[in-house]
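Chemist: Sequences listed follow chains A and B, in order.
Counting from 1, one number per residue, gives the positions in the first sequence under my numbering.
Counting from 1, one number per residue, gives the positions in the second sequence under my numbering.
For the record, the hints were derived by calculation from the structure and aren't laboratory data.
For clarity, every value in this text was computed on a predicted model and none was experimentally measured.
Do not rely on the hints blindly, as some may be mistaken.
[Claimed, not checked] Taking beta-carbon pairs under 8 Å as the criterion, some of the chain B residues facing chain A (in silico):
| no. | residue |
| --- | --- |
| 1 | Ser22 |
| 2 | Met31 |
| 3 | Val33 |
| 4 | Ala43 |
| 5 | Phe47 |
| 6 | Thr51 |
| 7 | Leu70 |
| 8 | Glu71 |
| 9 | Gly72 |
| 10 | Leu91 |
| 11 | Leu93 |
| 12 | Leu112 |
[Said to hold, decoys possible] Pairwise CB distance ranges (calculated):
| no. | chain 1 | residue 1 | chain 2 | residue 2 | range |
| --- | --- | --- | --- | --- | --- |
| 13 | B | Thr103 | A | Glu207 | 53 to 59 Å |
| 14 | A | Asp459 | B | Arg99 | 29 to 35 Å |
| 15 | A | Arg449 | B | Arg101 | 35 to 41 Å |
Every residue, glycine too, gets a C-beta built ideally from N, C-alpha and C.
Below are the chains, spelled out letter by letter.
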Amino acid sequence: MGITARDLFLIAPELALTVGATVVVLSGLVSRQRQLTLVLALLGLAVTFAFAIALWDNVHANGAQSAFNDSLIVDKFALYIKFLVAGTAALVLIASSEYAERFRPYGSEFTGLVLFSAAGLMLLAAAADLITIYVSLELATLPVVALAAFVRTRIAPIEAGVKYLLLSAVSSAFLLYGFAFLYGASGTMQVVGGSSGAPTIAQALGEGSPDVPFGGLAIMAGAILATAGFGFKLSMVPFQMWTPDVYEGAPTPVGAFLATASKAAAFAVVLRLFYEALGGSSADWSTLFAALAAITMTIGNLVAIVQSNVKRLLGYSAIAHAGYLLIGVAAVTAHGQETQDAAGISSVLFYLAGYAAMTLAAFFAVIVLTQRSGDERIEAMAGMGKRAPLAALALAVALLGLTGIPPTVGFMGKLFLFNAAVNSGLVWLAVVGAVNSVVSAYYYVGIIRTMYLREPAGDASPVAAAFSGRLTLWITVAAILVLGFWPGGLLEVARTAASGLVS
Amino acid sequence: MLERLLIISAILFCIGLYGVLSRRHMIAVLMSVELMFNAVNVALVAFSRYTVPAVNRLSGSHVGMERFVLEGQTLAVFVIVVAAAEVALGLALIIALARRRDTVHISDLNTLRR
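Generate the whole structure from the sequences, applying the supplied hints.
Modeler: Quick look at the structure:
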């Protein structure tokens, strides 16, 4: 027992991020310069990255390691998500440095909350027992509630914050009720085994359930309640109601963070729980997830068609993409396909990274396009092809990527996901996914047409973008195209990360 | 005994869920959520008290494994703490809302709709 230096090294990325966030918040007492806040935050993220790379080498050499009496597991799967979360947080903070003007004088608190939430998401990816999963999930969620309601002078952000808080609290209750049943049926909270050799949920269930009332039903109820709880985080139908409201009402950078980092970590923990803890149980999770995937993407895409606000549309697009990602989860949990597991997991990991690049590009472009007018209607995007060439181009590339048109990363990612589904015998699901992609082209291309082919209604003057905004747009667009042309490198990394979970 | 406690827990959970769905006043909704959390706590503590931990059932040696024995009660403690944090945020939002809108009814929150 007790904390050793090894434990501290294994959570060094999260520690560095937490220290960085604290320094950022405290720096606000001394100076209210937003450049200082940004530099401190990026420094913290750079240290986080350095530690994560050191851990990757360490794990590569010595295999997965558990820390803090087996409550955390540091494997390549967790580290992959940590890289993704830290990278997303860095891009969101750079892109919002101009936007953060309207948070004055609380810019440093805004930055600090983003970093705290990122630390929670990184812990979530590495959580090895149900207690840690719950605590890090709340550590990631609660700062986002405050971030969503950050602009208290308007009613929309407060409404977004209230909705996010209440629905996340109810979903946490469902999640916990599910955890209680999983614990009751197995007698342990351990999801992944560690160095102490304490039995995991999978081992305890394999040994035959103890005499719990309701027996196997308890496991079933636990897993379904936990899925409902996580479904909120993933914006999975029927728990998606909050998504468009929060994306529309919250400050745009918060929407970008929620849509990418938060979703990546939530998918990571669902994969871990259903693969490691419940993978051996006899229930057919694959059919459940396949049905949820089909409903989620269909509803997301159909409702997105009638949207008139671009942030709200991105909210429905996020729901649809949660559906595509659930295809991968369904493929992973499919039965009798043990050899395919690594491919399914790696396709989800690859798509999470590609989806993050595309969604960030779209949100960053919206930040630039709405910076001056504050008008988020799709009609207000008319003529932006001439007024803001770079942002319009970035939005166009991002939307083509989200549709799944080559040579973007969206095409490659969908190809791998559908391929994993077909290999797991879910051909019908791949077909539903492909049909949905065609439907989604209607509203994505509609925005591009409005930007390039329609004349601006009133003000036709150029919309200037700050250097920070242009930088993040270039980075994300480059990522979309480079990963689309040469997906091999990232796919290899995703495979290595996935094999860390499988072995 | 375990069955009775689980039935109480399920009833409490359903009352809480009903409150969340039917109440308009935001403080009442927060109280209902609290009820749901406490229903979970009852279930966790009941399981922890009346089932044999997997460690005792499956592993030969118990040295250094004390942490795996009372996990249900441990999670219940964490739930209490996190629920308090959630309520703190909720009350802050209620104050912000009351200052802006002069209402604390969630049914009046309808600006974000098409």
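Chemist: If a hint holds in the structure, say so; if it does not, say that too.
Modeler: Structure-based check of all given hints:
1. With 8 Å as the threshold, the beta carbon of Ser22 (chain B) stays out of range of chain A, its nearest partner Cβ sitting at about 13 Å, so the hint is violated.
2. Because the beta carbon of Met31 (chain B) sits about 11 Å from the nearest beta carbon in chain A, more than 8 Å, this interface hint is broken.
3. Here the hint on Val33 (chain B) is kept, as its CB sits about 5 Å from the closest CB of chain A, short of 8 Å.
4. Against a cut-off of 8 Å between C-beta atoms, the interface hint on Ala43 (chain B) holds, since the closest Cβ of chain A lies about 4 Å away.
5. About 4 Å separates the beta-carbon of Phe47 (chain B) from the nearest beta-carbon of chain A, less than 8 Å, and the hint is met.
6. Because the smallest distance between the Cβ of Thr51 (chain B) and any Cβ of chain A comes to about 6 Å, under 8 Å, the interface hint for this residue holds.
7. For Leu70 (chain B), the interface hint is violated, since its Cβ never comes within 8 Å of a Cβ in chain A; the closest pair sits about 11 Å apart.
8. At its closest, the beta carbon of Glu71 (chain B) sits 4 Å from a beta carbon of chain A; the interface hint therefore holds under the 8 Å criterion.
9. Nearest Cβ of chain A to the Cβ of Gly72 (chain B): about 6 Å, under the 8 Å cut. The hint holds.
10. At its closest, the beta carbon of Leu91 (chain B) sits 11 Å from a beta carbon of chain A; the interface hint therefore is violated under the 8 Å criterion.
11. Using the Cβ-Cβ criterion of 8 Å, the hint placing Leu93 (chain B) at the interface with chain A is satisfied: the shortest such distance is roughly 5 Å.
12. For Leu112 (chain B), the interface hint holds, since its Cβ comes within 8 Å of a Cβ in chain A; the closest pair sits about 4 Å apart.
13. At about 55 Å, the CB distance of Thr103 (chain B) to Glu207 (chain A) agrees with the hint of 53 to 59 Å.
14. Separated by about 33 Å at the C-beta atoms, Asp459 (chain A) and Arg99 (chain B) satisfy the suggested range of 29 to 35 Å.
15. Arg449 (chain A) and Arg101 (chain B) have their C-beta atoms about 38 Å apart, which keeps the hinted 35 to 41 Å range intact.
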